[in-house]
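Spelled out from the first residue to the last, the chains are:
4 protein chains.
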Amino acid sequence: MRDEIMREELKEECGVFGIVSREGRASRTTYYGLFALQHRGQESAGIAVSEDGDIHLHKAMGLVGEVFDDAKLEELKGDLAVGHVRYSTSGDSSVINAQPLVFKTRQGTIALCHNGNLANSLALRESLKEKGSIFQTTVDTEVIAALLAGSSDSDLVISIRSVMKELKGAYALIIMTRDRLIGVRDPLGIRPLCIGRKEKDLMLSSESCAFETVGGSLLRDVMPGEIVVIDRSGMKSYPPEEKNEEKLCIFEFIYFGRPDSVMKGQSLYMSRKRAGKILCREVPADADFVCSVPDSGTPSAIGFSEASGIPFLEGLVKNRYVGRTFIKPSQNQREIGVALKLNVLEEVVRGKSIVLVDDSIVRGTTIKRLISRLRACGAGKIHLRISAPPVMWPCFFGIDTPSRDELLGARFSVEEIGRLVGADSIGYLSLEGLIEATSSSGFCTGCFSGQYPLDIEGADGRYALDTAQKVRT
Amino acid sequence: MRDEIMREELKEECGVFGIVSREGRASRTTYYGLFALQHRGQESAGIAVSEDGDIHLHKAMGLVGEVFDDAKLEELKGDLAVGHVRYSTSGDSSVINAQPLVFKTRQGTIALCHNGNLANSLALRESLKEKGSIFQTTVDTEVIAALLAGSSDSDLVISIRSVMKELKGAYALIIMTRDRLIGVRDPLGIRPLCIGRKEKDLMLSSESCAFETVGGSLLRDVMPGEIVVIDRSGMKSYPPEEKNEEKLCIFEFIYFGRPDSVMKGQSLYMSRKRAGKILCREVPADADFVCSVPDSGTPSAIGFSEASGIPFLEGLVKNRYVGRTFIKPSQNQREIGVALKLNVLEEVVRGKSIVLVDDSIVRGTTIKRLISRLRACGAGKIHLRISAPPVMWPCFFGIDTPSRDELLGARFSVEEIGRLVGADSIGYLSLEGLIEATSSSGFCTGCFSGQYPLDIEGADGRYALDTAQKVRT
Amino acid sequence: MRDEIMREELKEECGVFGIVSREGRASRTTYYGLFALQHRGQESAGIAVSEDGDIHLHKAMGLVGEVFDDAKLEELKGDLAVGHVRYSTSGDSSVINAQPLVFKTRQGTIALCHNGNLANSLALRESLKEKGSIFQTTVDTEVIAALLAGSSDSDLVISIRSVMKELKGAYALIIMTRDRLIGVRDPLGIRPLCIGRKEKDLMLSSESCAFETVGGSLLRDVMPGEIVVIDRSGMKSYPPEEKNEEKLCIFEFIYFGRPDSVMKGQSLYMSRKRAGKILCREVPADADFVCSVPDSGTPSAIGFSEASGIPFLEGLVKNRYVGRTFIKPSQNQREIGVALKLNVLEEVVRGKSIVLVDDSIVRGTTIKRLISRLRACGAGKIHLRISAPPVMWPCFFGIDTPSRDELLGARFSVEEIGRLVGADSIGYLSLEGLIEATSSSGFCTGCFSGQYPLDIEGADGRYALDTAQKVRT
Amino acid sequence: MRDEIMREELKEECGVFGIVSREGRASRTTYYGLFALQHRGQESAGIAVSEDGDIHLHKAMGLVGEVFDDAKLEELKGDLAVGHVRYSTSGDSSVINAQPLVFKTRQGTIALCHNGNLANSLALRESLKEKGSIFQTTVDTEVIAALLAGSSDSDLVISIRSVMKELKGAYALIIMTRDRLIGVRDPLGIRPLCIGRKEKDLMLSSESCAFETVGGSLLRDVMPGEIVVIDRSGMKSYPPEEKNEEKLCIFEFIYFGRPDSVMKGQSLYMSRKRAGKILCREVPADADFVCSVPDSGTPSAIGFSEASGIPFLEGLVKNRYVGRTFIKPSQNQREIGVALKLNVLEEVVRGKSIVLVDDSIVRGTTIKRLISRLRACGAGKIHLRISAPPVMWPCFFGIDTPSRDELLGARFSVEEIGRLVGADSIGYLSLEGLIEATSSSGFCTGCFSGQYPLDIEGADGRYALDTAQKVRT
Ligand SMILES: Nc1ncnc2c1ncn2[C@@H]1O[C@H](COP(=O)(O)OP(=O)(O)O)[C@@H](O)[C@H]1O
Ligand SMILES: Nc1ncnc2c1ncn2[C@@H]1O[C@H](COP(=O)(O)OP(=O)(O)O)[C@@H](O)[C@H]1O
Ligand SMILES: Nc1ncnc2c1ncn2[C@@H]1O[C@H](COP(=O)(O)OP(=O)(O)O)[C@@H](O)[C@H]1O
Ligand SMILES: Nc1ncnc2c1ncn2[C@@H]1O[C@H](COP(=O)(O)OP(=O)(O)O)[C@@H](O)[C@H]1O
Ligand code: SF4
Ligand code: SF4
Ligand code: SF4
Ligand code: SF4
Ligand SMILES: [Mg+2]
Ligand SMILES: [Mg+2]
Ligand SMILES: [Mg+2]
Ligand SMILES: [Mg+2]
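Respectively, the protein sequence lines represent chains A, B, C and D.
Each residue of the first sequence is one higher than the last, beginning at 1 in the UniProt record's numbering.
Each residue of the second sequence is one higher than the last, beginning at 1 in the UniProt record's numbering.
Each residue of the third sequence is one higher than the last, beginning at 1 in the UniProt record's numbering.
Each residue of the fourth sequence is one higher than the last, beginning at 1 in the UniProt record's numbering.
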């Protein structure tokens, strides 16, 4: 089981990848693409291919490298493929929920991969059930498939367009039919999806880093509300009827996206570094050196160092083998916790004052223990700087946020947080600073601002839950 | 992979078991019940339980003893349970098709287990797809669930009754809701389903041997077309509106059913033994001893011996470890084939004339090699006697028959078959004799007589296939 | 875990098989040979091959069909192979103890497979340790290898001969060097080992049934104390210097050996049947029918029926899927126990008096529950007849006997046993009758008579244990 | 299979950890200790515990987190434990070679863990075999155990001392008896071993980072030639009779050791950083920024940046999920190779001149492809700087070096190497500079200098091999 200490950050829910390949090695390229997207989900992986009208599927719990071997890839022949990696919350951690899902519908057999979260999925499920639909999984993908299958139009693109009118929330979809790959991004573009090319082959991916990994390159983002159809003859775009402003999840820039990915034309790495610079401008600090909480804090820490002139040093070493499976330290081995993941370089920190930079604080457990270990190793003043604002609100669009009473930012003032985690001073980046750092605009910032890009009053599920918990608090 | 030599008989497709238990150890009893039904399917096993309105499920490829361990059974708490063992044809040998299937519908969450085959499932699928249904599996169970979910009635029994009007074919169903277990048998009663009791607990099972195994006993068969509802307070029966004559698959008596099961009030063992006696009356033979092809031929061989006065001796030993997985002998190890499964007791057969009794001949491969090995071991005259008529027609009701051009009985006269397999004389039991042996009436005898209990003109799938192949021949 | 109910008989410890093959498919033939010997051990399986002087090995816990797949056999190239199946007592159930064991010694690399038990292995281990040997397993095979390696002779056969002088107990060995297969049987021939042929290929096996399974045939038994060397050019025999009378374990005839095996030139099946006849002569009984406890009781039951003229009927059905792994029924599911393995055919037994025949009684648990179930199904008088004498003493030669205070035969008189298990009358075959049944002579009968073929006064390990327990009683 | 691209560096062979624990949770602490040493071996893991005189063992192929789960750790009770992680060369990648090895000897049962390589192991094996020893593994640990067992002394420490006289090469050993943990380091101290404390518990480990991970701290290194005995009452040291100068493998400082480990009182991280500074002094370069090949090149790159004043930037992102198992890109997917592991941050490198720092070059494959990708992303001049001298000679002491004809440093001049890998300029750290960077002395530098700390003329195995290959070249 994944332990709280091992990952106290917010959790992404999925990564998707698809290709129409002229060489016909579609599953193999998808395999490497998923490899590059592994950070978006480590609990299940799957690939579906289309071969002469048949769709073949293999999926299982585990990492991409565990789920597939050479023999399994060999069986997945065909020139169209879609793949998926998934992070699953404990409740539904079953292979039944792994993706791609393959459905036989009146439009033929289709494979679906989805990243995101529908805010109205419970309502949609109920109304579909009323009309006679049955559900075998707990994932939104099945709701989308049921809606598609219910559409009477013979043209799948028209069906998709009409289904999109019913969906409320975040979705980046890849749909594979016998001869086409269709990419769909929600009208607000909350979750990312982009188009890549490798020679004549066209690809779709959650992040551009996958294109480079397979030897290709980024073409452009799928636009909010756009439907993109790729077949053996090329690509066709169906822009949205009415154009919304994009509302890309800003957390992709801060933490989820791999630093070597590009979104909205911006390098995530460079944005994070700029965030560090602005952080230094907004809440400067003086110290012997700037230290990051690796790996996610490093680009901002380097930015902070550049802006402040304070040298950047590595004071913490991350154990690269801390993975999905390991045995949780028992109560009386608490001290083992954070040290399994991060170790202090005593020679670097002893007697030194530190600007400690991380990307965000969610529950605060890790950072608190880390600061206490830094102290035990003789660190002097510790100035904690966070390259994003306090996380204060739940996410309704596919990110697994803890309930508000576990969110430090929702319960305490900035000063209180500093005291709670044991820092000598604390500073968060402002929302404006964060947006400036992206060199762009058009973001969802809901979890920071409480301002969601769409009306979530009627949003179901977790929100209701959260409200209940708020009462409890 | 299972090899042709290992199992050349017809293949059953499923076994189902369910219980409403007052002690709340429903999954454990179901586990043992499935153990007793393991002969009905060895490729996947699953159990679903209902606990406080939630349905929990575990299923996987493998034998019952492999799929479940103590920890997994512990997790399946609840006082209602249904379980399933499945034989799957190679094409759809995937955990996605394993049962029980659990569906969320407007009637709530239901678990379904199914044994049988719908003759009109393709047509139903197409029409459901037209109405917007999506299908994730290739099993009929999903079709039945989709029809149930489409029914607008709030009373599940009424829905079931109306869905039954659309189903054409063989089905023995157990449906589990949050608080009820519902047993359904098709109007012709083609596949078996019976009711058992263990103290105050009521159970449903494909065969009665499962009741004895768990320490209970058979109450009665579910009647053709009957719906039986079991809850914590007892059992309620909904007889069919119009009563059809039962048409139980006669192959359950001949081969599929465990000899210690009782169907139509008759012991299968005793029926098989009577079949041997009648076989002796119809096609007598003289020899030094009567020998069975173990295990399925033994009861009839003993009956033949009793009727003829010729002593029964074991001349063949079956390797009990020939199982699901083993490596197929290669071309130049052909001779290994039948010997892996059956070995000749040379001391018994040498110089002796033999009445060799088996239950049926499908492709004839095993019996041919067996006779040649008996000859090699010095056997004298071999009089082959089969305790059923020649298998001449495909089955549309859940049994995996080879296509007609592989069915010896469909292509050759009885004498030709005798010559082909190398017997000195051959005799089959007549259909009348077979029915007499059951001490009962009301059977499907389609694969022997070509007379099916329902109009299969429009029957889809395999039939079409078979026709195609006939042309090809 | 294997449950007491599932296997209350004595436990064999190993099966060995080896071949020098001209076709070079040695591992494949060995695989099928082990398949035929699977009844001699179900907990681990292994094959070693010799290819151009290198020895390759694969072994693991599990059945032959589970341990090997096509790919693994493909890797085991070479024209010499030895294989092993093992039953292991719980204490040492680890792959470290699985065989073959491969040793690098001054004589080169050798693979060893062993069936049997040294009575002086503890003493040998201690004295070898004194001389500096180290032991990594708990199996006697390693002791034998250490002794061989310690022998200064360059000729392996001379080394073996000299090592045999130190070994006290039962052993059937196959030793594979880079170019030879050497079969060795202890001077008393307690454990079986025989030579087979398939065209020009020579084989060694614990039982002859393996030869037939692979398409070959039995040549002869390895003689007690004989060393047999097989290489690509043929076979060479090194008879023992002084000839002892053979003392083959009589339990091989009664129960361990597959009925289709031949030992001492006698068919085990025919011996068992003769035992049933003599049993009828010695302790006759009158009843409506003779019933066996399948499968081991069947040949004797048929023999009893023939001798008595009382018809043989099957009154019990064995669940063929009761296997190695399954979950033990809990305390309050006691009644499930025996029914999982054996079910009563109520229609056969109701109101009938029965001669119930089994091969032996060890702890008596199964037979007691079985008789009580027969009563519950309405059986009348039950005359229990056992085709061997009471088991009263421990075995020191490779068979896992319970301690004396668990052996019914050691604690109670025959009449008391009859009463304890609930039989109306009871009768055991006499030792003389048993030997007569074998149509042969030269047996160890230690566990019946307490007369062991060699002085076990100094025998170590279990004996000491047993003595301790005797005191406790 | 691990691919050349994934790991082109030299390969460490083992990590060892042991503890005598007062709380009796010895296996659990060992588990976390091995977690911290996972970088020293990823192919097998094992833990042995001593409980009341019995030694229990669990080991298997796989990562620590895969090999152990809670249940397995629970079974490993006891207050003494030793554990091992292993990197294995393909030839002997079998669980038989996994460690700890447990031996029954005249000194009692002992568990052995070993890191290192004996230069005279073949000779020792031969002479032991001559004396009658048998070998079941291919690891040196078994040779050491055989020598120990051959020693006639009843005091294990005296035996160890006398065995050490026969061993030639590198070894860091942990030996566990029923009540003691014994740490042994070869007289030259080639492989590291250190002593740690956690409250009253004493520990042994290959690297000090394991002590911090389990909440303890480093006490001191085991001295070259020292024997350290830890029992429940404390620790006792047996210094070497004659003191050699230490010859610790300098590659531990450069690459093998985790940066947060301390050896010879020096932080490896700080040494690597100093190496970067000296590298700048010795072979300066001018560029827009300093870039490391992560992760191993980073500390030196930061040092180079500090010394030169050229800013440190991350231009490469490492995919953290590139692990043990994945499918090798096929020939026509060559381009995928390096990108799976390392991706270029185009925004950072485009149009910029770069000082590219890595720790060492072995075959040069990775660095060559990496430079070509940097060029493709628009990088300007690339000045390659390596923080160690060219690797020119094989290692005989436990590190898996390719044969000389694959070692770039052995075949080409520095300039040629620069040209071959495509760098605009190239510079290696001098050996003197490297030693200066360690702030210490007493190292083996054999693979750089060809000067080995002991006479390897007679060294067996790989050396002979290498010579042969040299001829071939
Ligand atoms: N593969 C086999 N085929 C046929 N008979 C076997 C086989 N293996 C073992 N036997 C025989 O079966 C008997 C044991 O079977 P059985 O009575 O069913 O089990 P149990 O060990 O529970 O008594 C032995 O006599 C043995 O010779
Ligand atoms: N668990 C069981 N115990 C006893 N008989 C069984 C069991 N399972 C199936 N059978 C019976 O065994 C027969 C099939 O066995 P057999 O002839 O040995 O195999 P095959 O399928 O190869 O013909 C069927 O008649 C079936 O009723
Ligand atoms: N768990 C760890 N945490 C941090 N650094 C590690 C860890 N394990 C190994 N290292 C260090 O990482 C370096 C090797 O990493 P890297 O360069 O990323 O891989 P490669 O072996 O491909 O060169 C070594 O210097 C080693 O000390
Ligand atoms: N494969 C990868 N290579 C490089 N960076 C990655 C990779 N996957 C994720 N990341 C980045 O690492 C960061 C998260 O890493 P880290 O801080 O080490 O873990 P945690 O989730 O515990 O905070 C994210 O910013 C993410 O963009
Ligand atoms: S609420 Fe936060 S995490 Fe969720 S989509 Fe918006 S910015 Fe992203
Ligand atoms: S056709 Fe044959 S196998 Fe099929 S149901 Fe009818 S009798 Fe049974
Ligand atoms: S004591 Fe019994 S079981 Fe043991 S070898 Fe002798 S006859 Fe066989
Ligand atoms: S030769 Fe090189 S790798 Fe080997 S021990 Fe010496 S310094 Fe280390
Ligand atoms: Mg982080
Ligand atoms: Mg049969
Ligand atoms: Mg038996
Ligand atoms: Mg590196």
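Note that these hints are calculated values from the structure, not bench results.
Fair warning: there could be bad hints in the mix.
Since the list gives no way to pick out one identical chain from another, each pair is judged satisfied if it fits inside one copy or across any two copies.
What the hints assert, rightly or not - Cut-off 20 Å, straight-line C-alpha distance, at most; resulting in silico cross-link-like pairs (EDC-like, lysine to aspartate or glutamate):
hint : residue 1 : residue 2
1    : K129      : D54
2    : K77       : D153
3    : K131      : D155
4    : K381      : D405
5    : K129      : D155
6    : K129      : D424
Given the structure is predicted, the values throughout are model-derived calculations rather than measurements.
Numbered hints the structure breaks, given as an ascending list: Numbers 2, 4 and 6 - these are the hints that the structure violates, sorted from lowest upward.
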